[in-house]
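Please take these sequences and the hints and turn them into a complete structure.
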Amino acid sequence: MGKRSDFPRRKADDYATPLKGVTPVLPHLRAEGIVTFVEPCAGAGNLVAHLCSFGFLCAFARDLRDGFDALTCDPNIFQGADAIVTNPPWTRAVLHPMIERFSDILPTWLLFDADWAHTKQAAPYLDYCSHIVAVGRLKWIPGTKHQAKDSCAWHRFDRRHSGGPHFIGRPSNQIANSYVEAAQ
7 MGKRSDFPRR KADDYATPLK GVTPVLPHLR AEGIVTFVEP CAGAGNLVAH
57 LCSFGFLCAF ARDLRDGFDA LTCDPNIFQG ADAIVTNPPW TRAVLHPMIE
107 RFSDILPTWL LFDADWAHTK QAAPYLDYCS HIVAVGRLKW IPGTKHQAKD
157 SCAWHRFDRR HSGGPHFIGR PSNQIANSYV EAAQ
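Numbers 7 to 190, taken from my numbering, label the letters of the sequence shown in order.
There may be inaccurate statements among the hints.
[Stated by the list, open to error] Below are the BS3-like pairs computed for lysine-lysine, each with C-alpha atoms no more than 30 angstroms apart in a straight line:
hint, residue 1, residue 2
1, K145, K126
2, K26, K126
3, K26, K145
Rather than coming from a laboratory, the hints here were simulated on the basis of the structure. These numbers come from a predicted model, not from an experiment.
Below you can see the structure in the form of structure tokens.
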């Protein structure tokens with residue numbers, strides 16, 4: 007959920023990931039050869055369900071709401087997966103440690119606000135951010151007609167990468183719709 011939202015914040019930044027937020031990252035996950043993923047900020051499991059509907063396999067999904075702390079857990083539980091894919095809390099005090107920790111363990115795809123990359127606080131992380139995939143504005147509150155005021159992007163982090171990110175703009179509606187149709 008964006009920084010400038012008029013909606014009250016939810017505890018632990020718990021917002022279900024809409025399908026529209028998932029489709030832009032699909033070709034990049036496939037190009038990277040990702041088959042299995044872990045979701046350490048799973049919430050109610052929307053992101054997991056969306057990715058599984060496109061043929062990806064979830065090796066592990068947990069959340070703070072069920073007592074799982076992704077920042078202190080044993081990193082060995084992530085073994086066997088190809089990547090970490092999550093819509094993490096956007097609160098910087100949580101997000102930044104997650105970027106550091108997850109990118110040490112596996113290639114990591116995180117969905118959060120797109121303008122983060124243009125801030126001073128992003129500087130320590132941009133060298134090992136390999137991709138930024140534009141998503142646009144999302145509707146985080148089901149049943150409302152309003153989209154968020156902030157655009158989102160998928161950010162890929164991997165400590166083995168250096169040289170900063172490659173930016174990928176939003177796909178055409180025709181391409182985005184083809185991803186959804188392929189899953190049905």
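Okay, the hints, checked on the actual structure:
no. : hint         : verdict
1   : K145 to K126 : holds, 27 angstroms
2   : K26 to K126  : holds, 29 angstroms
3   : K26 to K145  : holds, 9 angstroms
Violated hints are absent here; each numbered hint is respected by the structure.
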